[in-house]
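Participant: Now for the letters of each chain:
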Amino acid sequence: MASINQALLDLKRLDQLAAGGTVLHRLDPRAKVLATLVFIVSVVSFGRYELSALIPFLFFPACLIALGELPAGYLVAKVALVCPLAVAVGMFNPFFDRSVMAHLGPLDITGGWISFASIVLRTALTVGAALTLTALTGFPAICNALERLGMPRAFAMQLLFLYRYLFVLTEEGVRAARARELRSFGKTGDGLNSYASLLGHLLLRTWQRAERMHMAMLARGFSGVLPGRDCSRFGAPELAFLLLWSALCVMLRLNNAPRLLGALVTGQLP
Amino acid sequence: MSHHILEIEHLRHVYPDGTEALRDVSLRITHGESVAIIGANGAGKSTLLSHLNGYLLPSSGVIRIGHLAVGKGTLSEVRRTVGMVFHDPDDQLFMPTVYEDVAFGPSNLGITGSDLEHCVTDALRRVDAAHLSHKAPYHLSAGEKRRVAIATVLSMSPDVLVMDEPTNGLDPFARRQLIGLLKEFNHSKVITSHDLDMVLELCERTVVLSGGEVRADGPTVEIFRDEALLRECRLEKPLSMQGCPVCAAGGK
Numbered sequence: 001m002a003s004i005n006q007a008l009l010d011l012k013r014l015d016q017l018a019a020g021g022t023v024l025h026r027l028d029p030r031a032k033v034l035a036t037l038v039f040i041v042s043v044v045s046f047g048r049y050e051l052s053a054l055i056p057f058l059f060f061p062a063c064l065i066a067l068g069e070l071p072a073g074y075l076v077a078k079v080a081l082v083c084p085l086a087v088a089v090g091m092f093n094p095f096f097d098r099s100v101m102a103h104l105g106p107l108d109i110t111g112g113w114i115s116f117a118s119i120v121l122r123t124a125l126t127v128g129a130a131l132t133l134t135a136l137t138g139f140p141a142i143c144n145a146l147e148r149l150g151m152p153r154a155f156a157m158q159l160l161f162l163y164r165y166l167f168v169l170t171e172e173g174v175r176a177a178r179a180r181e182l183r184s185f186g187k188t189g190d191g192l193n194s195y196a197s198l199l200g201h202l203l204l205r206t207w208q209r210a211e212r213m214h215m216a217m218l219a220r221g222f223s224g225v226l227p228g229r230d231c232s233r234f235g236a237p238e239l240a241f242l243l244l245w246s247a248l249c250v251m252l253r254l255n256n257a258p259r260l261l262g263a264l265v266t267g268q269l270p
Numbered sequence: 001m002s003h004h005i006l007e008i009e010h011l012r013h014v015y016p017d018g019t020e021a022l023r024d025v026s027l028r029i030t031h032g033e034s035v036a037i038i039g040a041n042g043a044g045k046s047t048l049l050s051h052l053n054g055y056l057l058p059s060s061g062v063i064r065i066g067h068l069a070v071g072k073g074t075l076s077e078v079r080r081t082v083g084m085v086f087h088d089p090d091d092q093l094f095m096p097t098v099y100e101d102v103a104f105g106p107s108n109l110g111i112t113g114s115d116l117e118h119c120v121t122d123a124l125r126r127v128d129a130a131h132l133s134h135k136a137p138y139h140l141s142a143g144e145k146r147r148v149a150i151a152t153v154l155s156m157s158p159d160v161l162v163m164d165e166p167t168n169g170l171d172p173f174a175r176r177q178l179i180g181l182l183k184e185f186n187h188s189k190v191i192t193s194h195d196l197d198m199v200l201e202l203c204e205r206t207v208v209l210s211g212g213e214v215r216a217d218g219p220t221v222e223i224f225r226d227e228a229l230l231r232e233c234r235l236e237k238p239l240s241m242q243g244c245p246v247c248a249a250g251g252k
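Protein chains in written order, with our numbering: chain A, 1 to 270; chain B, 1 to 252.
It should be emphasised that the hints constitute simulated quantities derived from the structure, not laboratory data.
Nothing false has been slipped in among the hints.
Label-pair distances were calculated between CB atoms; the ranges are:
hint	chain 1	residue 1	chain 2	residue 2	range
1	A	Leu182	B	Asp226	35 to 45 Å
2	A	Gln208	B	His194	17 to 27 Å
3	B	Gly211	A	Leu198	26 to 36 Å
4	B	His131	A	Ile55	41 to 51 Å
5	A	Ser194	B	Gly42	20 to 30 Å
6	A	Ala210	B	His131	25 to 35 Å
7	B	Gly211	A	Trp207	19 to 29 Å
With the Cβ distance kept under 7 Å, some of the chain B side facing chain A (calculated, not the full set):
hint	residue
8	Asn53
9	Arg79
10	Asp90
11	Asp91
12	Pro96
13	Gly105
14	Tyr138
Since we're looking at a predicted model, the values are computed, not measured.
Using N, Cα and C, we set each Cβ at its ideal position, and we do this for glycine too.
Just chain B, with the same shape it has in the complex (with noise of 0.2 Å):
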């Protein structure tokens, strides 16, 4: 379907008090991709995913959904076929129960009755909530509140989901149980993360943001592998590629 090809042609924004946060950035993500996008504090990562779904518009620049470019007259249709599911949980949950807020999107959308609850018990059931659904968000844990977020976000059966930092703050059950469902999603996925060994589990494409500008993008392992482009975007490989610490220092 040509609704799940991303396009980011020459995509430039330059915040009110004249900050260039993004320079001239061009991306393709293809239907059924997984791209991660990283880099050092500061080098662009969520102003590029906040065009994503049209929260910012491009300084200059065209960022195309499908065969949609990303405008205020685009942005209902964007907004559906671009889940975003955000840094903070609590950002994202704002409605009184679980259930309301997983009902929230396709609400909006217009669906009602016994395919909204369908739409809502299923969106659930994928990332094994179901038994959460009438909590209110702040009794949840960290965990649970990271999964009720992607669930408002399936809910509404997006073609590409767009994640920021999806492993932030997890213990490492919960990180590996997400890890675990992100990749059951054959959805395209764009994820931006300082969780490198999680990138190299999810995404076989990187893309590397260092300034406002994509710096490299290929195939996550070679990416990995060049230290001196990492060193440069003040990155460092992931713990699985850096060796054993422990087995080194017996081996000297």
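Chain A on its own, in the form it takes in the complex (with noise of 0.2 Å):
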């Protein structure tokens, strides 16, 4: 359990990086949710065979974090816990995809070995991104550009509770797993029953703490919606951040870069 409260303390690290001073962070969140949509969207719809076209794409997480003074260790370690989720979704192409695609060498690469590293890489660069998003704006700002750019309120306000609150419900998760384990004593306990039961006591603890919040908020006159929060302005820079990227990414999407690098470069030194 300790690494759960681990993975927590890590969260609130991402929190606490949003905070930062740099010209990416002061930028208007709008600016930069659009940009990342456009970056997910351009990296999703390749082929699934498409791998080399995918790399010149590191170039956007990569350039964030580096103009976003970001801990890239820390982001890179976030996104390596997500993949072992992608390595499970794609680990049986390459036993079912056998046609020999390309030649490293006397290596045959068949189509599942190439389709399964797209699916890796793809992970990691959505993951990558939409990290970068969060560590450079902050999830709350995140959820207000949402509003703002037409996602109805009651989602952005969800969105919002379900991440104050995941905190709290964690550590009483945490608490409630601890308390069974030492009660355990090593072994499996009740099994899969006991688990049951605790997650169905805390279905119900979730519920009354929901009540008490809704009490709460009433008493200080809510009335179904959130008070305005941050109103930033969409000015020049954020127009500039947003055709920048959307520019670069459409064009990476249409041309494969690294194709065209190479046969720029066999053509100049045959």
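Using the supplied hints, reconstruct the complex from the two chains, each of which is provided in its own coordinate frame.
Facilitator: Here it is as structure tokens:
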């Protein structure tokens, strides 16, 4: 359970990073959210066997991490945490798709391995971009930006509360699991049954907490609308940021930059 | 001001499952009074508090805040007048930052711009939490959370402060700090607590609830001297009135 606690503390660090003061931190969150969306759509819209064309997209998170003065090691470790999921999704591709698609010296590379690598790279890119966005902007500001971009208010509020109470709920879950563990004496306890009951209690407690929160909100005059928050302006720097990254992503999506570069080099130096 | 008078007449509350949490509670709290509501677990304290800002409505009986009877039509005015500080600050602090949380109430009251800023900074300064304004609530210690929770209510300039177990879970220093803070407020205060020493310091009047009824209502010191009453209501004297066990043993 210590690892869950540790992961939680790490999430708080993500929040603290958003308090930075670089140019990227100061940009209107909407510009960053839109640029990241363009990036993610570009990355996920590639075909399943595309690998080389994805590599230049690493430039986006790398550039933002450098300019935003974010700790690269920390973010890479966070991305690595999610990668096993991508590995699980793509791990059977090499077994089912055995058609040879490339040669690396004497080594035949099958379509399965290429699509597997593509899944992992795409996951790393999209998760990396989302994490970089959060570290540069902060989750509440992202929710606010999404709302200002037209997401229904109810969804934005749900997301905000989810984030706020994620910490409280996880801490409660960790305490309950620890209490269970301390009375299982290294055995399985009642196995899955005890976990089912534990989750049930957690759900009921969450329900009760939601009621108390609602009471607290009503007590302070809540009428269904969260008061207006940060109203930053979408000005020239934001427009420039958005256009630059969108143009780059679209260009990289439409042209395979490594192949073009390869053709250029091999054309020049036959 | 008539707003400060809080009257409860023959209040009865029955929960949907049939539990009768309050049977026949009548109280009158006047301007500037500090009143403690004490009682064993399940005596009806929290149910009573939930009626004071209209979260629960009476099954029968009336609650009046000044000239306003608490009911569906008067809820917004009642909730501005009665500031409620919850038992668990995590229930109360739900906005992304302390500043936004303290601004939540006044914004809902229609306060904006520099007035809002003044309201928030003043409330935070009064609880000595101005330096926390840009922190996220989950980054605060228990004592800080409690002080900020009080600020979220103070920013609405309530006439009556209602607090559920304000010293619960605080270390001795944070508890002492909070008691000092509450002493400075000249609002009418209604406090429920099992910390009877704090009650002795803060409240000149105490109401003892037992089984959903008012079992006693009078000066705090007199109530705490009545050992039979306290025992009957599953309570005991505050530690500061019990005498020192070490000295008593030494004297034998």
